[in-house]
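Participant: As a plain string of letters, each chain reads:
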Amino acid sequence: MIGAVISIFLQLGPAGPATPLFAHDTTSAVTDTVKASRIIHIKSAALPVASLDRKTIEALPASSVADAARYFAGVQIKDYGGVGGLKTVNVRSLGAQHTGIYYNGIRMDNAQNGQVDLGRFSLDNLESMTLYQAQKAELLQPASDLASAASVYLKTRAPEKTGLRASLRTGAFGTVNPSGTVSYVKRDIKASVNAGWLYSDGKYRFTFHEPAYDTTATRTNGDIRALHSELYFNWKGLTVNAYGYKSERGLPGPVVRRISDQYSSKDRQWDRSAFIQASWETSFPGNWQLRIGGKFARDYCRYLQDPTQNAAVMKVDNKYRQNELYFYAALAWRPSDWLGAGFSIDGRRNGFSSESETLAAAPVPWAKRLSGLTAAQIAVSPGCGWHIHTSLLSSVFKDKTSAGSAWKSRAKWTPTVIVSYEGLSWLKLRTFYKEIFRAPTFNDLYYSIGGRTNLSPEYSRQLDAGADVSIGKVFKLSADTYLAGIINKIVAIPAASQFRWSVINYGKVRAKGVDVSAAASVNIKEVETSFRATWSYEDSRDRTDKASRWYGGRTAYSPLHSGSLVAAVGYKGLNACVSWLYTGKRYTDAANIPANELDPWYTTDLAMAWKGSIGKRAKGGIGVDINNIFDQDYEVVTRYPMPGRHILIKLTIEY
Amino acid sequence: MKNLTKYLLLAAMLFSAATACRKSHDPILPGDDDEDPADNTELLGFYFVSEGQWGHNNATLDYYNLQTYTMLNNWWAEINPTVRGSLGDVANDIAVTDEFVLVTVNASNLLEISERGGRHVAAVEIPNCRMIACDGGYAYVTSYANDGYVAKVSLTRKQVEKTCATGHEPEGLAIVDGKLYVLNSCSYHTDFTGGGNNEIASISVIDLDTFTEVDRVFLGIINAYSPLTLMPDGKSFFINSSGDYNGVAPCSIIYDTRTSAVVKTFGFGGTYADVYDGKLYIFDTAFSYTTMDWVSSNCIYNPETDTVSSFPVPVSAFASFGAPSGVWINPKDGDIYIADKGNYTSPGSLYRFGKDGALISRIDTGVCPGHLAWDLR
Chain A
1 MIGAVISIFL QLGPAGPATP LFAHDTTSAV TDTVKASRII HIKSAALPVA SLDRKTIEAL
61 PASSVADAAR YFAGVQIKDY GGVGGLKTVN VRSLGAQHTG IYYNGIRMDN AQNGQVDLGR
121 FSLDNLESMT LYQAQKAELL QPASDLASAA SVYLKTRAPE KTGLRASLRT GAFGTVNPSG
181 TVSYVKRDIK ASVNAGWLYS DGKYRFTFHE PAYDTTATRT NGDIRALHSE LYFNWKGLTV
241 NAYGYKSERG LPGPVVRRIS DQYSSKDRQW DRSAFIQASW ETSFPGNWQL RIGGKFARDY
301 CRYLQDPTQN AAVMKVDNKY RQNELYFYAA LAWRPSDWLG AGFSIDGRRN GFSSESETLA
361 AAPVPWAKRL SGLTAAQIAV SPGCGWHIHT SLLSSVFKDK TSAGSAWKSR AKWTPTVIVS
421 YEGLSWLKLR TFYKEIFRAP TFNDLYYSIG GRTNLSPEYS RQLDAGADVS IGKVFKLSAD
481 TYLAGIINKI VAIPAASQFR WSVINYGKVR AKGVDVSAAA SVNIKEVETS FRATWSYEDS
541 RDRTDKASRW YGGRTAYSPL HSGSLVAAVG YKGLNACVSW LYTGKRYTDA ANIPANELDP
601 WYTTDLAMAW KGSIGKRAKG GIGVDINNIF DQDYEVVTRY PMPGRHILIK LTIEY
Chain W
1 MKNLTKYLLL AAMLFSAATA CRKSHDPILP GDDDEDPADN TELLGFYFVS EGQWGHNNAT
61 LDYYNLQTYT MLNNWWAEIN PTVRGSLGDV ANDIAVTDEF VLVTVNASNL LEISERGGRH
121 VAAVEIPNCR MIACDGGYAY VTSYANDGYV AKVSLTRKQV EKTCATGHEP EGLAIVDGKL
181 YVLNSCSYHT DFTGGGNNEI ASISVIDLDT FTEVDRVFLG IINAYSPLTL MPDGKSFFIN
241 SSGDYNGVAP CSIIYDTRTS AVVKTFGFGG TYADVYDGKL YIFDTAFSYT TMDWVSSNCI
301 YNPETDTVSS FPVPVSAFAS FGAPSGVWIN PKDGDIYIAD KGNYTSPGSL YRFGKDGALI
361 SRIDTGVCPG HLAWDLR
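From first to last, the protein sequence lines stand for chains A and W.
FYI, in the numbering used here the residues of the first sequence are 1 to 655.
FYI, in the numbering used here the residues of the second sequence are 1 to 377.
The set of hints was computed from the structure by calculation and includes no laboratory data.
Note that this is a predicted model, so its numbers are computed, not measured.
A few of these clues could be false.
[Claimed, not checked] So, partial list: chain A residues that the calculated Cβ filter (under 8 Å) puts toward chain W: (1) Pro-211; (2) Tyr-213; (3) Leu-251; (4) Pro-254; (5) Ile-259; (6) Ala-360; (7) Pro-494; (8) Ser-502; (9) Asn-505; (10) Ala-547; (11) Ile-593; (12) Ala-595; (13) Leu-598; (14) Trp-601.
[Claimed, not checked] Restraint-style ranges between C-beta atoms, simulated for each label pair: (15) Trp-197(A) - Val-121(W): 49 to 55 Å; (16) Ser-260(W) - Gly-404(A): 28 to 34 Å; (17) Asn-302(W) - Tyr-300(A): 57 to 63 Å; (18) Lys-319(A) - Ile-360(W): 50 to 56 Å; (19) Val-396(A) - Asp-356(W): 53 to 59 Å; (20) Asn-146(W) - Ser-402(A): 32 to 38 Å; (21) Lys-319(A) - Gly-178(W): 46 to 52 Å; (22) Tyr-300(A) - Val-121(W): 20 to 26 Å; (23) Glu-161(W) - His-209(A): 33 to 39 Å; (24) Trp-288(A) - Asp-293(W): 54 to 60 Å; (25) Pro-331(W) - Thr-207(A): 44 to 50 Å; (26) Ser-402(A) - Asp-293(W): 27 to 33 Å; (27) Val-295(W) - Ser-402(A): 26 to 32 Å; (28) Thr-207(A) - Val-315(W): 45 to 51 Å.
Even for Gly, the Cβ is constructed at its ideal location relative to N, Cα and C.
All chains should be built: construct the whole structure from the sequences, respecting the hints.
Facilitator: Set out below in structure tokens:
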């Protein structure tokens with residue numbers, strides 16, 4: 001456990017074989033059980049990678065997956081506040097729809113709006129979270145893994161022994177969050193079931209500061225209740241995951257001028273989500289490796305705006321259903337140390353249907369999408385520490401809708417080239433170029449009245465150059481500089497009236513930036529200390545219309561500077577960790593005027609925990625998280641205030 | 001005794017001098033020192049409302065000085081720095097009385113009442129409030145809430161005195177001959193799937209004394225998302241109908257209150273309209289993303305001769321616009337002001353054209369510029 005405390009802070013930079021961390025490669029769902037003759041994972045994986053593993057996650061003062069993701073350089077979490085608020089990941093200001101989220105190796109998609117709400121995942125059951133810029137440089141991966149400008153891999157805990165684990169988190173906002181896991185391990189079989197319940201009343205005081213006055217109020221209608229469960233099963237090369245989620249939450253809405261609370265938002269949302277996925281990996285003589293898998297998912301969401309609860313709103317009652325069926329097959333061949341190839345093919349079918357009792361709505365009742373992705377990869381290691389990895393992804397889409405007209409796209413070819421130099425033990429250099437797009441979602445194409453079906457995908461391009469410096473196990477520094485751009489940005493603009501929106505390709509963004517991460521650890525006898533720092537500089541500009549007054553303004557919600565500092569100390573069973581997160585001034589719009597300024601914010605969080613043995617076989621722990629110690633008032637999204645100081649206590653027991 | 005009188009007189013003089021000084025530090029409208037009661041013949045400028053972006057709480061009320069041709073952006077906010085929440089979220093209409101300037105702030109669910117000079121007086125809570133008409137110490141405000149109604153607000157007591165139920169989604173309203181006419185747009189009861197299940201728009205005729213609906217006249221149009229633009233005869237209204245964006249095309253009509261009937265129908269929509277020099281200026285120009293071209297039916301209608309002539313500003317002048325969002329004609333000199341919403345999230349512009357249609361200048365506005373009231377004294 002003590003050794004692990006050191007390792008958590010050193011999982012920065014590429015998980016290549018030069019570092020001792022490669023054995024803990026957290027990027028593949030089935031690494032643990034692969035006993036192949038030659039591991040096909042490319043040895044040069046020299047891409048900007050940042051990882052948080054179990055011990056780090058436990059030590060950090062984070063109570064959700066989105067909280068933990070804030071510690072990655074170059075990542076902004078778009079957070080609408082409160083426990084139940086929507087939280088999406090935005091990497092290098094490219095937007096949440098350009099970040100792929102992978103759950104135990106398989107991509108999570110939302111064909112309706114292209115965003116995955118990180119709030120749905122339990123931190124208790126998370127083994128690791130890894131962020132890759134561009135993609136993994138791995139030969140054996142499904143084509144869908146190449147389909148985003150940045151990727152976040154969530155890996156849930158695999159059972160280590162037969163036993164039971166339970167935890168209870170409680171504290172601020174009336175939070176009650178019990179969670180438990182039962183694991184079974186015998187010979188080649190590993191299985192576990194995890195279930196949790198979350199309740200929070202979402203009430204917190206907040207203050208808006210204006211030059212001439214302060215407004216203090218309490219956030220209401222931000223409650224959430226959610227039931228969540230996950231299942232894991234593994235036998236030799238086969239891994240099966242199942243996931244279920246059911247929630248009801250209130251949507252508090254933006255805080256705007258009002259006379260009374262009579263007409264503040266009483267909107268409600270219900271979600272139900274379930275999926276089952278399986279992967280099987282095996283190897284053949286001649287240095288071949290095969291991985292196949294599939295997933296079936298169903299989602300339901302109901303959004304309600306009820307005039308009988310709030311006379312100021314017009315009736316909105318939308319029910320959305322989605323289902324997804326996905327299969328993939330990936331093959332890799334590594335005949336020698338200097339050459340390797342990979343090929344994969346993915347097929348996905350997304351179905352969507354909507355039912356609404358909403359006035360003046362005309363959404364398309366149903367839509368289907370068939371997607372076919374094929375990828376070819378080649379890795380060459382000419383020697384002297386050089387590695388070149390290229391991939392080419394081909395994507396084809398075909399939609400069908402109840403309205404008749406539907407989006408269709410011819411094959412789009414998007415390449416990636418990665419070159420790295422790892423000749424020195426203490427220095428790694430790398431550069432990559434990647435082109436990828438995100439397809440228009442069902443909302444983009446079919447939700448608006450008179451929607452257009454000839455929308456182009458939103459394309460992104462990235463050019464990155466960086467280096468990793470490491471000094472033994474004590475210090476590590478990772479720095480990258482990049483140029484990125486988006487064209488054909490899909491935007492929805494209201495037309496003549498509030499009913500008719502035009503969704504068009506209209507928008508260009510150009511960004512340049514620097515991401516730096518550093519970690520150090522120092523041990524003095526039995527006391528271990530670890531430090532971690534990130535800093536990002538991001539200059540993202542709107543380059544849509546040269547004739548516009550606002551041409552060249554900084555992109556909405558993109559901070560010029562952001563960063564974090566984490567310091568942790570451990571002694572025997574005690575752990576303390578203090579973290580400081582900073583996000584610089586942002587603008588709510590490309591019009592960078594004072595009225596659109598959002599103040600920079602920083603929060604300081606403290607986590608303290610004790611873990612020890614109870615009796616002969618059991619282990620227990622108690623922890624306290626004090627978040628936003630200095631009670632900072634801040635907003636991530638304009639008019640959505642974030643909570644001030646709040647405390648959560650966690651009790652755990654393991655048997 | 002004599003000394004006391006002298007001192008009292010001195011005190012009175014000092015007091016009036018002091019208050020007179022205080023008055024002159026008040027806001028920044030021209031002609032504030034005018035002693036004449038309002039006779040509405042001098043045009044000093046105009047109040048201009050930008051709606052703001054929903055959820056951003058950035059509605060603005062600005063003032064444009066027509067003597068110096070300067071725009072005072074954030075005018076109301078700067079006069080009222082201590083009003084919590086500033087003007088509010090999504091402003092929808094503006095009206096002016098002798099004493100007050102009134103603004104409906106829809107997503108803040110309130111009617112803002114301020115002095116003509118800009119200072120905030122009161123805010124009256126009215127859910128989902130839309131448009132305003134004023135008469136005799138009262139403001140009448142339409143609301144989409146509770147299946148549509150109009151609220152009668154006393155401008156002396158600054159509160160809602162009475163309400164009167166109307167049809168669905170009441171928008172524009174106007175007072176003619178002691179009656180209040182309210183346009184029930186039924187915009188949310190339009191069948192945008194093209195299925196034809198549309199509610200027909202109507203006008204509620206409300207007697208001002210009893211404040212009850214005395215008549216409802218159906219107009220034979222749908223989605224009448226429109227103000228009631230008073231025609232030069234002072235008795236008829238020009239009304240826009242936006243159609244269902246499918247088989248039912250936009251159109252516009254003229255409704256005569258004297259005959260309670262539609263007296264004219266145009267085969268094109270009139271999203272924005274204003275009256276000048278006895279003629280109706282109709283403005284309907286939008287960029288179509290299906291044809292990727294501007295579609296325009298701008299014209300001038302002469303009700304006396306029942307003829308249509310061309311709109312002075314050519315469509316080519318809008319090529320650089322994002323989305324035209326209002327037209328107003330200076331009642332004194334005929335200058336044409338046309339607003340451009342741009343991209344709906346960044347501040348827009350107001351363009352000033354001469355009577356002949358030539359561009360004179362561009363004026364900065366807030367986000368989603370859309371409503372104007374002339375400052376006549």
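Participant: Give a verdict on every hint.
Facilitator: For each hint, the structure was consulted:
1. Pro-211: holds (7 Å)
2. Tyr-213: Nearest chain W Cβ about 5 Å off; hint holds.
3. Leu-251: violated (12 Å)
4. Pro-254: holds (4 Å)
5. Ile-259: With Cβ-Cβ at 4 Å, under 8 Å, it holds.
6. Ala-360: holds (4 Å)
7. Pro-494: With Cβ-Cβ at 6 Å, under 8 Å, it holds.
8. Ser-502: holds (5 Å)
9. Asn-505: This interface hint is violated because 10 Å lies over the 8 Å limit.
10. Ala-547: Because about 6 Å separates Ala-547(A) from the closest Cβ in chain W, which is inside the 8 Å limit, the hint holds.
11. Ile-593: holds (7 Å)
12. Ala-595: Holds: closest Cβ of chain W sits about 6 Å from Ala-595(A), inside 8 Å.
13. Leu-598: violated (11 Å)
14. Trp-601: Check failed: Cβ of Trp-601(A) comes no nearer than 18 Å to chain W, outside 8 Å.
15. Trp-197(A) - Val-121(W): 49 to 55 Å: Holds, at about 51 Å.
16. Ser-260(W) - Gly-404(A): 28 to 34 Å: Given range 28 to 34 Å: violated, Cβ gap about 43 Å.
17. Asn-302(W) - Tyr-300(A): 57 to 63 Å: At 58 Å between Cβs, range holds.
18. Lys-319(A) - Ile-360(W): 50 to 56 Å: holds (53 Å)
19. Val-396(A) - Asp-356(W): 53 to 59 Å: holds (56 Å)
20. Asn-146(W) - Ser-402(A): 32 to 38 Å: holds (34 Å)
21. Lys-319(A) - Gly-178(W): 46 to 52 Å: holds (49 Å)
22. Tyr-300(A) - Val-121(W): 20 to 26 Å: violated (49 Å)
23. Glu-161(W) - His-209(A): 33 to 39 Å: With Cβ atoms ~37 Å apart, the hint holds.
24. Trp-288(A) - Asp-293(W): 54 to 60 Å: holds (57 Å)
25. Pro-331(W) - Thr-207(A): 44 to 50 Å: holds (46 Å)
26. Ser-402(A) - Asp-293(W): 27 to 33 Å: holds (29 Å)
27. Val-295(W) - Ser-402(A): 26 to 32 Å: The hinted range 26 to 32 Å holds for Val-295(W) and Ser-402(A), with Cβ atoms some 28 Å apart.
28. Thr-207(A) - Val-315(W): 45 to 51 Å: holds (50 Å)
Hint violations for this structure: numbers 3, 9, 13, 14, 16 and 22, all remaining hints satisfied.
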